[in-house]
Structures are given as structure tokens and as C-alpha cells.
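Q: All chains should be built: construct the whole structure from the sequences, respecting the hints.
Residues 257 to 788 in my numbering are what the sequence shown lists, from first letter to last.
Just so you know, not all the hints are guaranteed correct.
What the hints assert, rightly or not - Distance windows between CB atoms, simulated: (1) Gln678 with Arg642: 33 to 39 Å; (2) Arg321 with Tyr514: 29 to 35 Å; (3) Ala588 with Ala661: 45 to 51 Å; (4) Arg746 with Asp576: 18 to 24 Å; (5) Leu671 with Glu598: 52 to 58 Å; (6) Ala600 with Thr702: 40 to 46 Å; (7) Asp619 with Ser713: 28 to 34 Å; (8) Gly601 with Asp745: 27 to 33 Å; (9) Lys323 with Asp576: 48 to 54 Å; (10) Asp577 with Arg402: 38 to 44 Å; (11) Arg402 with Gly601: 51 to 57 Å.
Think of the hints as simulated: they come from the structure by calculation, not from any bench.
Glycine included, every Cβ here is placed at the ideal spot set by N, Cα and C.
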Amino acid sequence: MPNILKRRDFLGMMSGALAGTAMLGSESNALSGEPMPADITIAGAKSTSDELDFVSALSAAEAIRRKRVSSVELTQHTFDRIERYNPQLNAFVYQLREDALVRAQKADQALTQGENSGPFHGVPIHVKECFGVAGHPCTWGFESLRDSKAAQNSEAVERLLRAGAILISATNVPVNLSDWQTYNPIYGTTNNPWDVKRTPGGSSGGSAAALAAGLGYLSIGSDIGGSIRIPAHFCGVYGHKPTLDLVSTQGMSPGGNYGTPGFSTLLAVAGPMARTPSDLLAAMKVLGGPVAWDKKAWIWGMPAPRATTLKDFRIGYVIDDPIAPPTPEVKARLEYVIRTLEGAGAKLKSGWPAEFNPAALLDTYRFHLYAFLFSISPPEQQHAQRVKFASSQDPDARGALSSFADWQQQNFRRLAFRAQWQSHFEQVDVFLSPVGFSAAFPHDHTEPQEQRTIATSAGPRRYLDLFNWIAPATLTGCPATVAPIGRTDRGLPVGIQIMGPYWEDATPITFAELLSREIGGFTVPPGFEGAS
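A: Written out as C-alpha cells, the structure is:
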């Protein structure tokens, strides 16, 4: 058998009616920055806190501002829900009860004095465990980092706290964020709330599962190989992979090392996950922009969306391709979206950009992915890795062993693909595609990952084909939003990927909002809608 490289070797060296009502009515105002009423009620709810279990983060903030509920009440209620539901999900790795309740009390006191910290004032949120939180573990699932403690908050965490958010917990990850499943030897396996025998995706699977189950109102994930997008697709929530380097990744590192300001991976990003597009947009306005030392030179402002109605959007799309044909169940939901857009009078254009070669892009993407992953492996491991890679028949080893000249040639190709897509975005405003070829699959912890297959109605599929639909947005650095578009016959969520122009993150997020008005958005998984 060929010596195939393990991916981990490289890496190791939020009821449907509720969501729909919120989106169709008041929540859509969030995109224009108007106040958002929080007057949604849930049948059988025992308290105001119960009524707010699945509303948006912005609606929760508005309810706190209007004193329909206090931040302390909502935060304690969220912890109560976590205690009730997390045992079946294992979405959280640690909780910040004492600190969160103190912060919530201060948030309530601030409101009595007329002070409001920002759009998420008093709202309970969580972050992926890969983001440093001062004094708390940042293991990335590594057993060797079990006792690690971050010295300071990551930049993303700090910005959310300054915007008034109440950080309640960190969510589970796979080892070194290196899987489309979420499990590790320290914290165990996270389950999908739609079917606990299936994965929630990875590597931001803990965040996606928690949001879908109504355990918190917003989360921050990371994405280099679909780690925000695949979990959003599998769990039926919204996720946004921002434009490359728009959101700082400082403090997102194993052990919580704050890292070097200005450092870019050329691929990896940090971004928001939520139950509504309006929350994604609000979060991007908080998270985006330069870090302190760059603010002397430039100020970031999010460009307005290219259109504000579906009929005014120019939409490119590919919903099937030999690179990773979607299963019939997934393709049926994608085709439904296209028919809906046609009925709404949208301008549609089928096909890839002119002269675009998906296979060539995948080749360049994998080269850069593994070159980067090898470059950050511990120095003491690199010699052994070089020996192993040299004897491997896996073409991805090229990136790990490349000279700078070879890497630079591949970087020219990366930039050429970005230019090709930017040219295409002169003809279309968004580009639609699958997120992954299948819906959530059963847990599979066999190794090596490269030899795994995913059972589908169309037969077994290569595990690593999950790279294929997420690669264009990653390699080009373009923003991409995932929106839920319904469920399969088995009741599993399906998402659609909405790729947008470089730096224009509001465009795909706004499209996701408009699409939700036509087909609906987030729905509550069975068993999680009851009052606590």
C-alpha cells in the first residue's frame, strides 16, 4: 500500500417558524442598522428567557436593552440549558460561569447608567477552543497541551468583549483543528444535535452544535479547510469565512501564544457563526479591520452590499461537477434554491469562470495547505517529517518539501486564481456552490483519514473530497457565507456556499439574508425546543 500522508501529520508535526419570523420581520432591519424589537414568544415558554432561546444575538441584545430580561438572567438561563443539553452533545470544553455572571452583572449596571458597550451588550457567546482566553486552556486538542494556559485574550475575543458580549465558554475541536469531525483525547467527541450518531463537522463542530441546540447566541470559528463552512452545513446554522486577513488571527495558536502581529497564513481565517445572517454582519463589523499598530496607516470600512434585493443580484453558480458530485439529496436542495431564485427574477449564470480549472486550483490549494502546515510544525519534528514525506507517494508532500522557488511559483498561481475570480466577480455578484458533497455522516475515527470513505446513497466517497468545494474561496481569499437551505429526507441539514468578491463580505451575507426570506433559514433540531 502506498505510504499516504496523514492529514494530522501535517497539522501535528444556534423552531423554523421562530427563525423565519425573526428574519422576515424585524431581524432584516439589522442589515440596515435599524433597531430590532425582541417580541417573539415561544409556545409553552416558562419565562422571558425561554422565549429568547433561539432568537438572534441582536434580538437578545435588544431584549436586554429594553429590560425584558437582564443579562444576568439570560446568562444564567444559558448555563442552565448547557447543563441540560450539553451531556448529549459534548460541545463545550470549559465554562466561565463565575466570570460570565460577574460580567453580566456589570453589563446590567452599565445599562442603568445609560452605557451600552456595543451590538452584543450583555449577550452570552462562546468561542472555539483554538482562540486564546486569558488563564484558560488553548490545547487545540493536543494531549501535550492539556495543561496549557493562554497568557492573554486573542484579538477576536478581546473585540467581542469590547462589543459587550459575555463570554460563557469555549467549544470543542479536533486535534490541531485537523478534521471535518470534532473529537480529541482530552475532551472527547462532539455530536450533531440533528443526530447524535453523526458528526457536527469540524473543526468548528463544537460551535455549530452549540448554536443549533440554542446554547449561546454567537460563536467564533476558524477556517482553512472548510472548518466554519462544513459544520454550518452539517448543523443547519450560518457561518462566514471572511476575506483573508480581514479578521485578526492573533492569539489563535496552540497553547494560546499571541503570535506575531501582521502574520498571515495566506489561507486560514477567523470568522463568525450564528443562527441568522444579521448576526454574521454585526459580528464582522466588530471583528474586522486592522490591529492596533496598523490603525496608524489605514482604517477599514465594510463596503456596502452590491444589491439589496434578489432580483438585482447577478448570480453565478455551479451545483454539480465531477470534482465532487453532490449526493442526490444534497443536489435536490441546491436545485430548489436555483428554481426559487429564477422565480424571484434573479439574474443567473451557470458555470465556472472562463478558463477556470478546478483540478488545477485544488492542486495549488493543497500545495499551499501542506507547505504551511509543515512550516509551523515543531522544529524537533521536522527532520523525521522530511524523511517520511520523501518516501511518500502522496503528491501533497510536494508542498512540505518545496524549495522557496517552488513555493513562489505556486504563490504566483494562487494570485492568478484570485485575479481570475475577481475578474469573474465583475460579471457576477455572488457565486453559489455546494459546501460539501454530502450531509452529516456517522462518526468515523479510523486512521489514517486519507483512507476513510463516506457512505452515501450514490456509493462510498473519498473523505478528502470534502476539500473540493471549499478550496476556491480559501485559495483566493474571497469571502464565503454558508446558509441553511432545508433538509434531506433523513432530516439532515443542507447548506449552500455563497462566495463573494474580495473585501466585499457584506455582499454574500446580505444575499444569505435575502435568500432566507424566500426559503426560510435556521430551524430548531427536534428535542431542543422545549423550555428549560
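Q: Of all the hints numbered above, which does this structure not satisfy? Sort the numbers upward.
A: 5
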